Amino acid sequence: MGIMDELHIPFFLETVSCGFPSPAQDSREESLDFNALLFKHKANTYCLRCSGDSMKLKGIFSGDILVVDRTIRAKSGDVIVAEISGSFTVKTLIIEGGRAILHAENPAYADIRVAQDEELILFGVVTAVVRCLR
Amino acid sequence: MIGLCDCNSFYASCERLFRPDLRSRAVVVLSNNDGCIVALSGEAKKLGIKRGAPLFEERERLQSVGAAIFSSNYTLYQDLSDRVMDTLLTLVGNREVYSIDEAFFSLEKPKEDHVQTVRDEIIRLTGIPVSLGVARTKTLAKLANHEGKRLPGGISILYPEDEETLLRRTAIGEVWGIGRRREEQLFRLGVRTAYDFTCKDERWIEKHCTVTGLATARELRGVPSIPREVEKSISLCSGISFEKPKESFEDLEQSLACHCATLSSKLRKRGKQAREITVALYTSRFRDDYQSPSATVTLAQGSDYTPTLLAAAKICLTSIYRKAPYKASRVWATYLEEEGVHQYTLFNAEQEQKRISQEERLSPVVQEIQRSYGKRALVCGTAGAMIKADLMGQAYLSPRYTTDWKSLPTAH
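First to last, the sequence lines map onto chains A and B.
Start counting the first sequence at 1; every next residue gets the next number (our numbering).
Start counting the second sequence at 135; every next residue gets the next number (our numbering).
By construction, these hints were calculated from the structure, which means they are not laboratory data.
Zero decoy hints are in this set.
With a straight-line Cα cutoff of 25 Å, these simulated SDA-like cross-link-like pairs (lysine to any residue) come out:
#1 K180(B) x T304(B)
#2 K40(A) x S541(B)
#3 K56(A) x W539(B)
#4 K540(B) x A414(B)
#5 K334(B) x A305(B)
#6 K42(A) x R258(B)
#7 K75(A) x G261(B)
#8 K243(B) x P361(B)
#9 K56(A) x I95(A)
#10 K75(A) x Q250(B)
#11 K56(A) x T544(B)
#12 K42(A) x L225(B)
#13 K334(B) x P361(B)
#14 K179(B) x R157(B)
#15 K42(A) x I257(B)
#16 K42(A) x L151(B)
If you're wondering where the values come from, they're calculated on a predicted model, not measured in any experiment.
All chains, please: the whole structure from these sequences, using the hints.
Structure follows, in structure tokens:
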């Protein structure tokens, strides 16, 4: 699917002495693979981009990449992406007395309460946030 | 038993996945060139719009109901298709991908609730709606799937004891593998339903419908007769890294010509034809301004003919070319279909037929010369005008949401 090329970062547990057969040879471990870290269920993980500052107190900012894993069943406290009036929104899901609340992590935004007869259309649970600094 | 997982209005569903605003709006997807409608959401079907209708005939009606119109975004569809197929594999442990939106799988002693779970899970995990049909053979599974699509649960298991009832009310033309021409022929011979067909003597069937028809008849009788397809190759690629960087359009074009000749012979060898050609250029990875522009052209017909492939590649090149020191070029042939299984475009079937038969006559000759005198003995001169009509106009193209970092869907 080519979401990311594999990135190999060899990781050694010992330093290498020059002139001798490397004593680290037997200690080589698997390279760090960000795909394995971020895309645990590759076929069921989608990436979205965050826009706006409604989640800033959770450390999620405009422009961040949201890694959304659909295999995970959402529970109260999860950061989720849901469909609200025709667009995607990223919020913290709070379940209170059997009712869902979409809570923004920014006091400037009011909670979105999902009405009893309304179905919350969940897109998926955000499992990671990726931000490139340059 | 054999199951068929079929995505509902696949292209339209793909377009909808990242557009919550389209959840209940009619969606149609256009063919290459944006010429006619090739996929419709349920809402669009309810309007009475037919698959294959030219856009200009339906444009007004579509606009009046606020329908969303899309050009074919094969990059998106292929990625979502892969996801559906992988998910199916995870859930049932096996799978045979048949087309971009269909896959067969085998299932021992299928139970209604299990099949329902598989279907619901695929939808939950991918966001793409699917229907499942299960029966004794692939051909019957196709019919079962058709039934499933009509039911609210989206699944149907066809048990042997119910087969006859279903076959009696299935028109022969609805059977998988019975084309329009065969349908007309069988109709003249008095075969109206799938059941009529199964009642015919095997020798009669073979005489009128060849061994292919015989396999279909056996399948309808519950005897699996369509073998598992050997590993379908999804794409073929030809690429080269240049010793010295190439900058000029002509030099790059020449490299593409070599790739296309290679691909043509690879395709011929496998009896395949490509529906899509992708070209990518690469500058040096070690430079700060590393770039790898790419473009894709879809052909109206599958082809393994070098001039057609090259003409497509050249159009890609024209659209991405910018003067830069390129280190490598690559051409992919994708959407491979079986040789001879031409899906005619709706408008110019006759003209297409003529062109295809020309290509079919010429291709072996070209191959023969290349075999005898080396691959480069005969390459294309200009192939410009040849496939002009096949080019994609894509006025309504959606973003490549899942394969391009710059095109990710937004969440507020």
